[in-house]
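Protein chains in written order, with this note's numbering: chain D, 485 to 687; chain H, 485 to 687.
Everything labelled a hint here was simulated from the structure, so no lab data went into it.
One thing to keep in mind: the hints can contain errors.
Stated by the list, open to error - Only pairs whose alpha carbons sit at most 20 angstroms apart, straight line, appear in this in silico SDA-like list of lysine to any residue: (1) LYS505/D x ASN588/D; (2) LYS611/D x GLY561/H; (3) LYS505/H x LEU663/D; (4) LYS664/D x LEU504/H; (5) LYS664/H x LEU686/D; (6) LYS565/H x ASN588/D; (7) LYS565/D x GLU624/D; (8) LYS653/H x GLY561/H; (9) LYS664/D x SER538/H; (10) LYS505/H x ALA677/D; (11) LYS653/H x LEU529/D; (12) LYS532/H x ASP488/H; (13) LYS653/D x LEU686/H; (14) LYS664/H x ASN524/D; (15) LYS611/D x THR638/H; (16) LYS664/H x LEU523/D; (17) LYS505/D x GLY561/D; (18) LYS505/D x THR638/H.
Stated by the list, open to error - Partner residues aside, some chain H positions facing chain D, computed with beta carbon under 8 angstroms: (19) GLN495; (20) MET525; (21) ALA539; (22) LEU626; (23) ILE674; (24) SER685; (25) LEU686.
As the list claims (entries may be wrong) - Interface residues of chain D toward chain H, partial, derived using beta-carbon atoms under 7 angstroms: (26) PRO498; (27) ILE591; (28) LYS653.
All C-beta atoms in this analysis are idealised placements derived from N, C-alpha and C, irrespective of residue type, glycine included.
Protein chains: 2
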Amino acid sequence: MKSDIPVTCLQRLPVYLNYLKSLDGGAEYISSGAIARALNMGEVLVRKDLAYTSAQGRTRVGYNRVELVAALEDYLGCNNKKNAAIFGAGGLGHALLSYGGFINYGIEIVAAFDKDPEKIGTEISGKPVYDVSETKEGVEKLGVELAVICVPATHAQEVADVLVGCGVKAILNFAPVLLKVPEDFNVRNIDLAANLAILSSLI
Amino acid sequence: MKSDIPVTCLQRLPVYLNYLKSLDGGAEYISSGAIARALNMGEVLVRKDLAYTSAQGRTRVGYNRVELVAALEDYLGCNNKKNAAIFGAGGLGHALLSYGGFINYGIEIVAAFDKDPEKIGTEISGKPVYDVSETKEGVEKLGVELAVICVPATHAQEVADVLVGCGVKAILNFAPVLLKVPEDFNVRNIDLAANLAILSSLI
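Start from the sequences and build out the full structure, keeping to the hints where you can.
And the structure:
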C-alpha cells in the first residue's frame, strides 16, 4: 500500500525504469541531472520522485544504475507476482492477451472472461476464455487481483460491479465510461479515442 | 493550436464530454457542482476547465447540457475531421483498426503501415495495409495528420523519425520507449503494461 506517493509521481516511475533499462551496458553511475535532461524534466522533480524508492544517490556520483533499476522494480512490484484477467475478449482484449509486456512488471494475464459462446472454452494466446457469468468463481480460483475491462461501454459498469464484489483489488478500464466504484477502490481509465482526440485538438 | 490550455486540463475535457453524453435525455441544465459531484472532482476546477470552451454557465441555472456538449466537441475538434494512420498492424494495431470510438472525435483511421509482406496489400477492418517503407508517400497521399505507433519498442524510434520528417503533426505512442522528437512536436505515450503496474503497486 503506497498511499503516500502522489499518483502523478507514481506514473513517472515506469518512465524512469524504461529509460534506465534502455541504457543497459552503459555507465555504472547516472546522475539525477542526466536523467532529467534525457527525459526533459526538472532535476529536483527527478530527485524527489526517486526518493520514494529505496535508491540512494551519492553526491557528485549519482545513482548506481543497476541498483536504481532494482529499486524502481521493487517499488513497482515487479518482483511480487500478481495475476490479472481480461474482461472482454474482443479486439483490444485479444491484443492484451497476446501482449508480452506485462510480465516485466510481474503481472501475469491468466485468463479472459467473455459472454460469447463461441469464445468461451477456447484459448487465446494460450490463455483460457471463461464465461463472464462465472467471474466470481474464476477470480477466486485463479487468484486474480487485477482486472482489465475491455467490454463495450454499455456493459462496463455491470462487469465492474461484479469485480468489486468478488475480491478483485484494482481495475484498468478501457471502456469510455466513468465507473462507479467504492471510493477507496483503485481504478485507472485509458480512453484510447480520447487520447488521440487530445493530440488532435493540439494540432 | 491550443497552447494556452494546460495538458492536465485538456485531458479532463473528454471525461466531461463522456459524462454529459451519458446523461442523454436528462435535464436541460446541469450545474458545475453536479458535474463535480458526479466525477468526484472540485467544483472550482470544473468551472475553470469548462471556461476554456465557449460554453457559458448561468448563475443558479448552470450550463445548457446540449450547448456544453457542443462546446466541448468543438474544442476537442470533433467537428473538424482529421485522418490518422496506425503504424504496426500487430495485435494492438489490429484492435485499433477495428475500434469504432475514434470517429466520435472526428478522427478517421484511414490506413495501416507494416513491414510484414503477408499483411501489406491486405485490408484490416476495411482499412488498407501499406508497406511501412512507403510511409512518406502514403501519409502525403492520404492526408494523415495523426499517427499511432504500435510497433515493437525496438522499431518505434525509426518509425517516429520518418513520421516527423513527412508532415505528420502528432504521435500517439504505445511503444514503451521514450521517443526523441523535436521539442514542439506533440507526442502522447500510453504504456499499457506500466498502467497496470501502477495499479499493481497500489494494492
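Each hint tested on the structure:
no. : hint                : verdict
1   : LYS505/D x ASN588/D : holds (11 angstroms)
2   : LYS611/D x GLY561/H : violated (39 angstroms)
3   : LYS505/H x LEU663/D : holds (15 angstroms)
4   : LYS664/D x LEU504/H : holds (15 angstroms)
5   : LYS664/H x LEU686/D : holds (19 angstroms)
6   : LYS565/H x ASN588/D : violated (38 angstroms)
7   : LYS565/D x GLU624/D : holds (16 angstroms)
8   : LYS653/H x GLY561/H : holds (15 angstroms)
9   : LYS664/D x SER538/H : violated (29 angstroms)
10  : LYS505/H x ALA677/D : holds (15 angstroms)
11  : LYS653/H x LEU529/D : violated (29 angstroms)
12  : LYS532/H x ASP488/H : holds (13 angstroms)
13  : LYS653/D x LEU686/H : holds (9 angstroms)
14  : LYS664/H x ASN524/D : holds (10 angstroms)
15  : LYS611/D x THR638/H : violated (26 angstroms)
16  : LYS664/H x LEU523/D : holds (9 angstroms)
17  : LYS505/D x GLY561/D : holds (16 angstroms)
18  : LYS505/D x THR638/H : holds (13 angstroms)
19  : GLN495              : holds (6 angstroms)
20  : MET525              : violated (11 angstroms)
21  : ALA539              : violated (15 angstroms)
22  : LEU626              : violated (16 angstroms)
23  : ILE674              : holds (6 angstroms)
24  : SER685              : holds (5 angstroms)
25  : LEU686              : holds (5 angstroms)
26  : PRO498              : holds (3 angstroms)
27  : ILE591              : holds (6 angstroms)
28  : LYS653              : holds (4 angstroms)
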